[in-house]
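Since the structure of chain A is already known, use the hints to place chain B on it.
One letter stands for each residue in the lines below.
Protein chains: 2
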Amino acid sequence: MIARIIEVEKNTMSQTVGVVKTEYFTFAQESEKLMLESGKSLGPVTLAYETYGELDANKENAILICHALSADAHAAGYHEEESDPGWWESMIGPGKAFDTDKYLIICSNVLGGCKGSTGPSSINPGKGKPYALEFPVITIADMVNAQRHLVDHLGIERLLSVAGGSMGGMQVLQWVASFPEKVRSAIPIATALKHSPQQIAFDEVVRQAIMADPDWRCGDYYEYGQPERGLAVSRMIGHITFMSEHSMEEKFSRKLRNGKYSYDFAADFEVENYLRYRGDKFVKRFDANSYLYITKAMDYFDLSGSGLIPLGRDIDTRFLIISFKSDWLYPSYQSQEIVRLLKCNYVDATYCELPSTYGHDAFLVDINEQQELVRHFLDKTYNGYSVVSSYVL
Amino acid sequence: MIARIIEVEKNTMSQTVGVVKTEYFTFAQESEKLMLESGKSLGPVTLAYETYGELDANKENAILICHALSADAHAAGYHEEESDPGWWESMIGPGKAFDTDKYLIICSNVLGGCKGSTGPSSINPGKGKPYALEFPVITIADMVNAQRHLVDHLGIERLLSVAGGSMGGMQVLQWVASFPEKVRSAIPIATALKHSPQQIAFDEVVRQAIMADPDWRCGDYYEYGQPERGLAVSRMIGHITFMSEHSMEEKFSRKLRNGKYSYDFAADFEVENYLRYRGDKFVKRFDANSYLYITKAMDYFDLSGSGLIPLGRDIDTRFLIISFKSDWLYPSYQSQEIVRLLKCNYVDATYCELPSTYGHDAFLVDINEQQELVRHFLDKTYNGYSVVSSYVL
Chain A
1225 MIARIIEVEK
1235 NTMSQTVGVV
1245 KTEYFTFAQE
1255 SEKLMLESGK
1265 SLGPVTLAYE
1275 TYGELDANKE
1285 NAILICHALS
1295 ADAHAAGYHE
1305 EESDPGWWES
1315 MIGPGKAFDT
1325 DKYLIICSNV
1335 LGGCKGSTGP
1345 SSINPGKGKP
1355 YALEFPVITI
1365 ADMVNAQRHL
1375 VDHLGIERLL
1385 SVAGGSMGGM
1395 QVLQWVASFP
1405 EKVRSAIPIA
1415 TALKHSPQQI
1425 AFDEVVRQAI
1435 MADPDWRCGD
1445 YYEYGQPERG
1455 LAVSRMIGHI
1465 TFMSEHSMEE
1475 KFSRKLRNGK
1485 YSYDFAADFE
1495 VENYLRYRGD
1505 KFVKRFDANS
1515 YLYITKAMDY
1525 FDLSGSGLIP
1535 LGRDIDTRFL
1545 IISFKSDWLY
1555 PSYQSQEIVR
1565 LLKCNYVDAT
1575 YCELPSTYGH
1585 DAFLVDINEQ
1595 QELVRHFLDK
1605 TYNGYSVVSS
1615 YVL
Chain B
1225 MIARIIEVEK
1235 NTMSQTVGVV
1245 KTEYFTFAQE
1255 SEKLMLESGK
1265 SLGPVTLAYE
1275 TYGELDANKE
1285 NAILICHALS
1295 ADAHAAGYHE
1305 EESDPGWWES
1315 MIGPGKAFDT
1325 DKYLIICSNV
1335 LGGCKGSTGP
1345 SSINPGKGKP
1355 YALEFPVITI
1365 ADMVNAQRHL
1375 VDHLGIERLL
1385 SVAGGSMGGM
1395 QVLQWVASFP
1405 EKVRSAIPIA
1415 TALKHSPQQI
1425 AFDEVVRQAI
1435 MADPDWRCGD
1445 YYEYGQPERG
1455 LAVSRMIGHI
1465 TFMSEHSMEE
1475 KFSRKLRNGK
1485 YSYDFAADFE
1495 VENYLRYRGD
1505 KFVKRFDANS
1515 YLYITKAMDY
1525 FDLSGSGLIP
1535 LGRDIDTRFL
1545 IISFKSDWLY
1555 PSYQSQEIVR
1565 LLKCNYVDAT
1575 YCELPSTYGH
1585 DAFLVDINEQ
1595 QELVRHFLDK
1605 TYNGYSVVSS
1615 YVL
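If you read the protein sequences in the order shown, they are chains A and B.
Using this note's numbering, the letters of the first sequence correspond one by one to residues 1225 to 1617.
Using this note's numbering, the letters of the second sequence correspond one by one to residues 1225 to 1617.
Just chain A, with the same shape it has in the complex (with noise of 0.2 angstroms):
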């Protein structure tokens, strides 16, 4: 039934991208393999990506969608098969912000992901298994580096806008760090140029939970199976930090599942049984490893300081930059230092902060707004007329 309702609207929304296919780019193979922060190199390194829409005649309508932690290349529109659209769709489409009948959308699973991107769970060819932990530590920078290989690929110069919340910002500031030639702008929402001990301290409790699972056997768990109860508790946290103490009292409250106290250790609350059903979920769908690896290369990202923007250079990126006010993960204040400074440095940055309730899923979930900050801010970007500069919440 659901599969049919699904179809129906495949055919008859005007606003998604329809049925869409992940594609996959390989590079670095042998002699050239991709250099990395740390030192070490990789390759072959495969990129899984999605694109939606059409490149203009001047190749100067390409915007790349960097995802977060748990996401992937599938952004917008529907999988053969799958009820679920992309992670995105809400916002990427036909007349929607990111507009697929103007645009060209890229979207590419990060390097160290589990989507069909290289990462720890691919084989390793030197062994002929899955790296697991010889998989190197990879950062956001090398992240980035690996897309710039695609967007290359693509044959983009530069591209119209890079955009992404939580670690896609991430992304999305890196990107102005280390080809700001290749960005006319940029969106980075809800996010940080560096993660607060704080933010360390949720990733690093993240990554004990999934190492004190026995099942995770120092990350050689493949021909065994998920660490699962250490990889379902890691995402129970996460799912905490992302809503908001308001979101959560008006979703859940104390509402009881049964009506009544069990006294004994089930589920008594509606909030603890969503909490174990995203973290059984999760285990389904995510890697433990690159959870790992994609949680470090997040507490080592730092574009604080002459990071984003080195001492005399002039970026003519122009930014658009949104936080949300419940959002206590990513904090508006980590947003403000952002726009501090771009200011300092004279870079064009409009700043809003969104009054959603819904914290750091706000970026995914309540987009009305959003969506027509970043709609005016490309149509801006794109034909280089526009009111948005002064529009402030």
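Don't take every hint at face value.
Same chains, same label: a pair holds when it works inside one copy or across any pair of copies.
[Claimed, not checked] The calculated lysine-lysine pairs, modelled on DSS-like cross-linking and capped at a C-alpha distance of 30 angstroms, are:
| hint | residue 1 | residue 2 |
| --- | --- | --- |
| 1 | Lys1484 | Lys1264 |
| 2 | Lys1508 | Lys1283 |
| 3 | Lys1505 | Lys1484 |
| 4 | Lys1567 | Lys1353 |
| 5 | Lys1475 | Lys1549 |
| 6 | Lys1406 | Lys1264 |
| 7 | Lys1418 | Lys1479 |
| 8 | Lys1475 | Lys1505 |
| 9 | Lys1326 | Lys1604 |
| 10 | Lys1484 | Lys1418 |
| 11 | Lys1479 | Lys1264 |
| 12 | Lys1326 | Lys1283 |
| 13 | Lys1479 | Lys1567 |
If you're looking for bench data, these hints aren't it; they were derived computationally from the structure.
Chain B alone, transformed into the frame defined by chain A:
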């Protein structure tokens, strides 16, 4: 060397109660079993407790201190052969806020605990081995009911005050709800009338981390050893929530242990090292099952609505309510809910939000102003004069 310094301090510092000893009170034997909120009964019940100071002739100067999640009866002074003082040494002693020259201070380990009071690690007399999960789920009201037996046993009809922070504050509120005639004044600090879904969520993840450890063995681990890895992860989560973002920044910032990134999964950052250290230390001193039972009791606690003050009941208990601006685990709005409920019921209540940056830990570590507030409040309660009621910071 440390032992010698401590020895000198014990001898010369007038502010400590000096060497103290834990005592034990056993009740609820055979036909007199303790009835629990769940409908089950429990007995015999032992409470470990300590007292500091002397009861006055009228038996009107006794103050009960209630401890938080992982503390115990040892609130002040030093145990023979130990160098660490009790957990609220800064607040209890001669000339301190809880002045042992004036008052008799009592502190007992909670029912369900693992520091001498009956809990899941105690021997189940019917079975000759630890209760483990056969221990009944207990509530804050059950803890307080057990304390009431101890207070009766000590010959005290009415307490001058009941005081405590966090879960200690819940017990304070429960004392007023259960035995209002026995409580002349109440000092709930950094606490709440009920857990929000976010607080329940953190507790649930803490429990899941323990229960996910195969060494937990469905609670029956006593002959094998603790589920150390799960319990350590639990405590790491706790420590993040006890500190504020600000105090983490002050203490750790992004300081690296070895001055550079390891590019592996070692603890690169000081904050990671601190959490691992705290986790490892905790498993040596606290029973995993007690952690499950006590967090569950906190989640069940709910004195909102008419729970604290049943309709038509007159309360002449005086209240001092304290919260801390940077405490995001028990945010000030929760203390303000207590104040509102009291004021609407014509109860004498003074409220102060203190500007400490230490987060939830503040009631244990940042006590200068708290000390003065409590001192004046107790003076007024005991002597019937003071200036405290207009003292609002």
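Legend entry - Alpha-carbon proximity context of Lys1418 and Lys1479, limit 30 angstroms: Classified as between; 13 angstroms across copies, 37 angstroms inside a copy.
Inset, instruction - Give the relationship of Lys1475 and Lys1505 under a CA distance limit of 30 angstroms: within one copy only, between copies only, both, or neither. - result: Answer is within: at 19 angstroms inside a copy they meet the 30 angstroms cutoff, but 36 angstroms across does not.
Legend entry - Alpha-carbon proximity between Lys1484 and Lys1418, which holds within one copy, between copies, both or neither at 30 angstroms: between (44 angstroms within a copy, 16 angstroms between copies)
Inset, instruction - Tell me, please, which holds for Lys1326 and Lys1283 at an alpha-carbon limit of 30 angstroms: within, between, both or neither? - result: within (12 angstroms within a copy, 83 angstroms between copies)
Inset, instruction - Pop the pair Lys1484 and Lys1264 into one bin, within, between, both or neither, using alpha-carbon distances up to 30 angstroms. - result: The answer is between: 16 angstroms across copies meets 30 angstroms, while 57 angstroms in one copy does not.
Inset, instruction - Since the copies are identical, ignore which copy is meant and state whether Lys1479 and Lys1264 lie within 30 angstroms (CA to CA) inside a copy, between copies, both or neither. - result: Classified as between; 24 angstroms across copies, 51 angstroms inside a copy.
Inset, instruction - Give the relationship of Lys1505 and Lys1484 under a CA distance limit of 30 angstroms: within one copy only, between copies only, both, or neither. - result: Classified as within: same-chain Cα gap 26 angstroms, cross-chain 36 angstroms, threshold 30 angstroms.
Legend entry - Same-copy or cross-copy closeness of Lys1475 to Lys1549 [CA-CA at most 30 angstroms]: Intra 18 angstroms, inter 26 angstroms, cutoff 30 angstroms: intra and inter.
Inset, instruction - Could you place Lys1508 and Lys1283 in one of the four classes (within, between, both, neither) given a Cα distance threshold of 30 angstroms? - result: Intra 39 angstroms, inter 63 angstroms, cutoff 30 angstroms: neither.
Inset, instruction - Go through the copies and call it for Lys1406 and Lys1264: within, between, both or neither, with a Cα cutoff of 30 angstroms. - result: within (25 angstroms within a copy, 70 angstroms between copies)
Inset, instruction - Using 30 angstroms as the alpha carbon limit, work out where Lys1326 and Lys1604 are close: within a copy, between copies, both or neither. - result: within (13 angstroms within a copy, 74 angstroms between copies)
Inset, instruction - First find the shortest C-alpha distance between Lys1479 and Lys1567 inside one copy, then the shortest across copies, and answer within, between, both or neither for a cut-off of 30 angstroms. - result: between (47 angstroms within a copy, 27 angstroms between copies)
Checked against the numbered hints above, the structure breaks hints 2 and 4 and satisfies the rest.
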